[in-house]
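S.K.: Please model the entire structure based on the sequences and the hints provided.
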Amino acid sequence: MLALVPYLQDHGGVPVEQVARDFGVDRQTIVNDLNVLWFCGLPEAVTGDMIDVDMEALDADGVVRLDNASYLRRPLRLTAREALALIVALRTLRDTVAPGAGDAVDRALAKLESAAGDGAAVSGQVELLDSPVDPSVRAAAQEALTSARRVHLLYLVPSRDETTERDVDPMRLFTAEGNTYLEGWCHRAEDVRLFRLDRVVSVEVLDQPASPPEEASPRDLSAGLFQPGGDDLQAVLDLAPPARWIAEYHPVDASEEAADGHLLVRMRVGDEAWLRRLVLRGSGNVSVVEPADLAARVRAVARSALAGYPSG
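For the sequence shown, position 231 (counting from the first letter as 1) is numbered 231 according to the numbering used here, and the numbering increases by one without interruption.
Simulated from the structure, these hints should not be mistaken for laboratory data. Remember, it's a predicted structure, so these values are computed and weren't measured experimentally. Be a bit skeptical, because a hint or two may be false.
The following label-pair restraints were derived from C-beta to C-beta distances [said to hold, decoys possible]:
| no. | residue 1 | residue 2 | range |
| --- | --- | --- | --- |
| 1 | E215 | E162 | 43 to 51 Å |
| 2 | H250 | E165 | 51 to 59 Å |
| 3 | D103 | N32 | 33 to 41 Å |
| 4 | S147 | D198 | 42 to 50 Å |
Here are the simulated lysine to any residue pairs, SDA-like style, with alpha carbons at most 20 Å apart [unchecked claim]:
| no. | residue 1 | residue 2 |
| --- | --- | --- |
| 5 | K111 | L58 |
| 6 | K111 | S147 |
| 7 | K111 | R188 |
| 8 | K111 | R149 |
| 9 | K111 | N35 |
| 10 | K111 | G12 |
| 11 | K111 | A80 |
| 12 | K111 | E82 |
| 13 | K111 | R77 |
| 14 | K111 | R91 |
| 15 | K111 | D134 |
| 16 | K111 | L84 |
| 17 | K111 | A20 |
| 18 | K111 | L90 |
| 19 | K111 | R21 |
| 20 | K111 | T79 |
| 21 | K111 | A139 |
| 22 | K111 | R81 |
| 23 | K111 | R138 |
| 24 | K111 | F23 |
Note that the Cβ used here is the ideal one computed from N, Cα and C, for glycine as well.
M.R.: Structure, rendered in structure tokens:
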């Protein structure tokens, strides 16, 4: 869209069909972009400062005229660092894009690599710190998406330290926060679920077609991967200095500095067993403050665990 503005300023009164041909898209895509540009401008701009698109000329004559956008007259030019970042990001996404989108990613990569010149070679030296995924698992997940077929997963659930079997209708693959996820309708949970591919022990593509319910839709991840439920328990934890990493690694609703370098955090917990393991893992550096009944149960579990060790 940023390239569209300088193009239109240099081609006044150009037919919309020609614009579509020059950009390699259909007519409706250009019209949709123009409707967005109509509401664009500099920060804190008022109505008169917005980009002016002559919609009457577009509707009546099928031509595009643009005004009041001189600040975008020069085409967008990426710096070497920006191009490198985009190349690395696209290569990361290449194996997780929706079926049919791979060609578009390859075309974008080719253009970026051509524009970056020698800088594109540096992208091959960038190490991506993502979780290792069995190539056969990734390939099976992609095959299931492409063929719209159900999968049978053997899936490790670390919060409960158990392996579960699930039939899942795949909806999409994506990468976030260094991990690759399969999102789909889980028949066991009867809801949309995310499955980290590095936690998939095995996957079998079934002959049954994937058929998520009509109401099933991919999650909105704009607020992050962790999306607390209304029934989640709210707990206050006291973190000693060696355990302050918990507040950085896990989502917290609030935090407050306490004496001696301790940190009080309020967090939502969907699985009490997970919280008990977190406290035990803290080796005395993590304690539950609220609610009182949960704190008592966690202390009881800790005492029971200590009793299992030989004295002396």
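S.K.: Give a verdict on every hint.
M.R.: Going down the list of hints, with the structure as the test:
1. E215 - E162: 43 to 51 Å: violated (29 Å)
2. H250 - E165: 51 to 59 Å: At 27 Å between Cβs, range violated.
3. D103 - N32: 33 to 41 Å: violated (21 Å)
4. S147 - D198: 42 to 50 Å: Cβ of S147 to Cβ of D198: about 23 Å, so the range 42 to 50 Å is violated.
5. K111 - L58: violated (30 Å)
6. K111 - S147: violated (29 Å)
7. K111 - R188: violated (44 Å)
8. K111 - R149: violated (34 Å)
9. K111 - N35: violated (27 Å)
10. K111 - G12: Cα-Cα ~27 Å, so violated.
11. K111 - A80: holds (13 Å)
12. K111 - E82: Given pair K111, E82 holds - Cα atoms ~14 Å apart, limit 20 Å.
13. K111 - R77: Judged against 20 Å, a Cα distance of about 13 Å means the pair holds.
14. K111 - R91: holds (13 Å)
15. K111 - D134: Violated, at about 30 Å.
16. K111 - L84: holds (12 Å)
17. K111 - A20: Status holds; Cα separation ~19 Å.
18. K111 - L90: Holds - the C-alpha atoms of L90 and K111 are around 12 Å apart, at most 20 Å.
19. K111 - R21: The given pair, whose Cα atoms are some 18 Å apart, holds under the 20 Å limit.
20. K111 - T79: OK: K111 and T79 at ~14 Å, within 20 Å.
21. K111 - A139: Given pair K111, A139 is violated - Cα atoms ~27 Å apart, limit 20 Å.
22. K111 - R81: Between K111 and R81 the Cα gap is close to 15 Å, so the pair holds against 20 Å.
23. K111 - R138: violated (27 Å)
24. K111 - F23: holds (14 Å)
Consistency note: the structure conflicts with the earlier hints numbered 1, 2, 3, 4, 5, 6, 7, 8, 9, 10, 15, 21, 23.
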